[in-house]
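Student: With the hints as constraints, model all of the structure from the sequences given.
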Amino acid sequence: MAEANMKINIAGIEWKNPVTVASGTFGSGMEFSQFFDLSKLGAITTKGVAITPWEGNPTPRMAETRGGMLNAIGLQNPGLDTFIERDVDFLKAYDTVKIVNVCGHSEEEYVEAVERLATVDDVDMLEINISCPNVKEGGIAFGTQPEAARKITEAVKKVAKQPVIMKLSPNVTSIADMARACEAGGADALSLINTITGMKIDVNRRTFAIANKTGGMSGPAVKPVAVRMVYEVAHATSLPIIGMGGIASAYDALEFIMAGATAVSVGTANFNDPFTTLKVIDGIRQFMEEKGIKDLAEIRGCVG
Amino acid sequence: MAYRETATVISKDKIAGDVYDIWFETEKIAQEAVPGQFVLVYSKDKARLLPRPISVCLTEGNKLRLVFRAVGEGTKEFSEFETGDKVEIQGPVGHGYDLSNKKKALIFGGGIGIPPMLNLAKELDCEKQIVLGYRDELFLNEEFEKYGQVYIATEDGSCGTKGNVLNAVDELGLDADVLYACGPMPMLRAIKNYAIAHDKEAYISLEEKMACGMGACLSCVCKSKEVDGHSKVKNKRVCTEGPVFDAREVEI
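Those protein sequence lines, which keep their order, are chains A and B. First residue of the first sequence? That's 1 in my numbering, and the numbers climb one at a time after it. First residue of the second sequence? That's 1001 in my numbering, and the numbers climb one at a time after it.
No wet-lab data here; the hints were simulated from the structure. The C-beta atom is built at its ideal place from N, Cα and C for all residues, glycine as well. Heads up, a few of these hints could be off.
[What the hints assert, rightly or not] Here are the simulated lysine-lysine pairs, DSS-like style, with alpha carbons at most 30 Å apart:
no. : chain 1 : residue 1 : chain 2 : residue 2
1   : B       : Lys1234   : A       : Lys92
2   : A       : Lys213    : A       : Lys7
3   : B       : Lys1234   : A       : Lys213
[Unchecked claim] Residues from chain B that face chain A, not an exhaustive set, calculated with beta carbons under 7 Å:
no. : residue
4   : Met1185
5   : Lys1209
6   : Cys1212
7   : Met1214
8   : Ser1231
9   : Lys1232
10  : Val1233
Tutor: Shown next, in the form of structure tokens:
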């Protein structure tokens, strides 16, 4: 039986395995740490943080859909001061790659947050959220126009100390154009997909199921869309990709890897079972051992 | 501390129109649950990803009792559980009622907010009056009689006071130092206002649409009067800082 090497490397940062969590589904790991040792993860990706605290959207913020869910949390976060003091400090105890997801209302806010994080040890990578569909200013405004995405990538890269992952929105005409724009701006890696804009109507109340009217759809129902987009981006750029969208099992994760992803994120499935990430890691290892795969590079993008 | 367990259905009864009463055998959840806490029950249909938060009605050793109304597809599935079925449950979750109070208490339950108050009525060690509000059909009311004087209000007037639980308080001249309540939002608002007007302590149990049920996703927030220590904004997580709140600390 082959010794499975699950290690991967993204922009010079080594992960012990290719599995992280999707930003916003895992907080900063505190709540999940009661169930398992966070050091087992390849990386932890924290919920989006901005320079100042954000209140987020009114409730209801969430609605279940068949095979998925809609959310419009609106990037509620405690602000960078508290985040660094409390959340980054909490994560120090864990031997895993720490990825901090950054959001902002304007280019200046993104740059200020990234500048601030440049001085913080124990933050290994940054993920720049230019794709939240639930926040009008900032977020998605940068994530749907290639030129805006290139500019913000450049601005962030100028001040960033850590490698920069740009998180892409699926709510665009051409995800390949967005990926190329981020690559042109100097991105070190890409993550996709963020949620797909959707809507649910509560027919008994004759109104929207969530207060924001629209929300971001996630969960197993979005997986084929996500796999297709990862495949397209893998062919459009040479950047490493963190693939996500509906991953709930090792076989789901392997689809993303075979489509061209270097790493994968488990998101909504964490809500169904807090142990999903561990099951995905074990399942990938088992698949590699059974099929005699020594390194994930052997199957990355293998579909051609 | 919450646990993920595969619980076993011990018994199931239908106790009113759409109201079901299920006892589960758990490993640790029942032993650790305190009044006001809830558990997350997961659907066997994986197209329904999210757990249903259901309040703990009673515990006895390792046995957990949930009483819920079958209103949507998830709770309808639960209403069809049979004895011996294995069910994924996580919990106990949330911040329950403070049981240290020894002052005279008024316990209010409205509709499907009644079940968790049975556990509170059982565990709270003080003089208790219990006011239960129903639309029409009664359930659990006889079990409350073991723990205090029970008063009933029904919307249709078929039993007790015609109207809501505060109509019963007025009609019967009930009074106490501390109020505890779980029920629909209009009832909780009225009780908050009553507590402020009469200078009473009041603890209310809120609900909100939840995804993770463990404090990570920030779906189930409520507005707080002051900036919350965890969120750093005027939002508190119903699943973690709640579901039981001092009525004065939340904007409802």
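Student: Which hints from the list above does the structure break, by number from lowest to highest?
Tutor: 2, 4
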